[in-house]
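Kindly generate the complete structure, drawing on both the sequences and the hints.
If you're matching them up, the sequences are chains V and F in order. Each residue of the first sequence is one higher than the last, beginning at 120 in the numbering used here. Each residue of the second sequence is one higher than the last, beginning at 1261 in the numbering used here.
Don't take each hint at face value.
Said to hold, decoys possible - Partial list, computed: chain F residues near chain V (C-beta under 7 Å):
hint	residue
1	T1273
2	D1381
3	Y1382
4	S1386
5	G1421
6	E1427
7	V1428
8	P1431
9	T1471
10	V1485
None of these hints come from the bench; they were simulated from the model. Only a predicted model underlies this, so the values are computations on that prediction, with no experimental measurement involved. For each residue, glycine too, the CB sits at the ideal point set by N, CA and C.
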Amino acid sequence: MSVLIYIDQSEGHIKKAALEALSYGSQLAKQTGTTAEGIVIGTVKDDLGSLGQYGITQVHQVANPQLDHLDAQVFTGILAQAVQLTGATIIIFPGNADGKTIAPRLSVRLKAALVSGAVGLPDTTNGFIVKKSVFSGKAFARVSLKTDIKIITLNPNAFPAVVSATDAKAAVVPFNATLDATKVKSLSVNKVKGDIPLSEAEIVVSGGRGLKGPENWGMVEELAKLLGGATACSRPVSDSDWRPHHEHVGQTGLAIAPNLYIAIGISGAIQHLAGVNRSKTIVVINKDPEAPFFKAADYGIVGDAFEVVPQLIEEVKKLKGVA
Amino acid sequence: MKILVCISKSPDTTAKIAFTDNNTKFAAAGVQWIINPYDEWYALVKAIEIKEKDTSAVIHLVTVGPADVEPIIRKALALGGDEAIRVNADSQDSFYVAAQIAEIARQGGYDLIFTGKETIDYNGSSVGGMIAEMLNMPFVGLANHFELNGNTSTITREIEGGEEKVEVDLPVVVSCQQGMAEARIPNMRGIMAARTKPLKVVEPAAADSLTEIVQFELPPAKEGVKLIPADNPAELIRLLHEEAKVI
Ligand SMILES: Cc1cc2nc3c(=O)[nH]c(=O)nc-3n(C[C@H](O)[C@H](O)[C@H](O)COP(=O)(O)OP(=O)(O)OC[C@H]3O[C@@H](n4cnc5c(N)ncnc54)[C@H](O)[C@@H]3O)c2cc1C
Ligand SMILES: Nc1ncnc2c1ncn2[C@@H]1O[C@H](COP(=O)(O)O)[C@@H](O)[C@H]1O
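Structure, rendered in structure tokens:
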């Protein structure tokens, strides 16, 4: 009985989503009186031992360069072997694309109940009940997991990465797994260079149709950059190719939960809100005082974006001491 | 080329989300049902695009649900499916649904199985991967681009902070999201044709459900917006810095 956390890596680096999963897993281990261990697949440049800070005792590593790219079938085989080795009864995945690709397969392989989009630690007082996000962030469901082995995929940004023991080191142990045949061949990886990926950003500046055209995005990008954030957009904006598809947030786009979401020239349609309403603080800039977004906002300015945003940029520069 | 597209129903995206029976059931009275947007806009339309290039391709639709999902599946047929199969069962949980679809897939022998990225009500993002595992097929999740070259597919999928292009031989299961295809609306001819397209109803295979929803809850309401005059953006920055402490 232990908790096994899948430590997702991307190009050799451990990302925020993995740290959130480690913190969640080790707190769950504490709650259930057991230990938490991690498993990482592929070659990693970061120091794995230091992940002990997040409360795990061991990191099992399958350091095979052939496994630097995901093939869910092969990874599922490895994880099933790791579950057997560690005797884990709870397996945690980050709520990103890789987690969502592997966890369902592992659920079938182990015939283990899966809950995805968890927003809190399980209630283990009577059974095993996990609160998850449903209706695209408009509600929550408490889901009972009925099998002995349980799999939890987290909602991104729902659970903070917490350092629980600053100098704790995890033991890094090589793990030799038998590998299934690869069927998914990686051809190329295209990373959004230099920028912070939207799913990881603490601050997101987003623009809608109110910005009139792609040529007006300079101020959105500048504000995002000054604040150390990422840019996003509403669906009609990406549908019109003003912005790339991966920036589209909402019910049919990406769901995000940054600390700060600044919506500029976005009306706040319910489908848009579904993807952003878990943001901690929402700021709305819209020239129409009746725009529905104001009802979901914490702060708002009723005004013309083309006048307000340049002034905001100047104020942020003052705050940050940028000339 | 035989393609299976998994179609689920979901409440209209503007539907009011509320619960009844001591918060154990979704309040469905008066709610409009639609095809889950990911299934319609991305999975089904992609299948239709493939068929437009290769007219020998056949598109089957599968849905797991009681008789009240039939208007949804008819609409999907109107968009372009050739025939539909409804598994006559409540969709208990992801595992149960996947087991039903896997059973249909075993009988049909499909080259391609498309699902949506997720249902917009349960947000499981699980059924596609589960079907793939049950059928021992490769799975590519959260795909935003798909191309077919004979028996090989080139797929772009979302990864942390970017995209990855992969190559997979058929058969393969793919979950589809934005970027995959352009949404379409059914035309009159499609709607007429859909009336006579076959819609087969089959009884469910024996399968377990591994999870159960015990209760729903709504998030706490927002306190109300604090408005700042348009000529004083400095005040907004101050509030974000000192009060909300987010910058
Ligand atoms: C099934 C379904 C799914 C959908 N999924 C999504 C989704 O995932 N994400 C999404 O975003 N949408 C989605 N939509 C679309 C959604 O319903 C809205 O149409 C869309 O969000 C509107 O985008 P917008 O706010 O940019 O544009 P608009 O609604 O046109 O709003 C523009 C806003 O800009 C303001 N404005 C104009 N000029 C200025 C100015 N100079 N300064 C300041 N403000 C200005 C206007 O007052 C207005 O409020 C979906 C729709 C459906 C039916
Ligand atoms: N009851 C169902 N019938 C047919 N397909 C379904 C059903 N439920 C889910 N799916 C498919 O699986 C995808 C992912 O669903 P989920 O795992 O519930 O988020 C959906 O987008 C559909 O394509």
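Each hint, compared with the structure:
| no. | hint | verdict |
| --- | --- | --- |
| 1 | T1273 | holds, 5 Å |
| 2 | D1381 | holds, 6 Å |
| 3 | Y1382 | holds, 6 Å |
| 4 | S1386 | holds, 4 Å |
| 5 | G1421 | holds, 3 Å |
| 6 | E1427 | holds, 5 Å |
| 7 | V1428 | holds, 5 Å |
| 8 | P1431 | violated, 10 Å |
| 9 | T1471 | holds, 5 Å |
| 10 | V1485 | holds, 4 Å |
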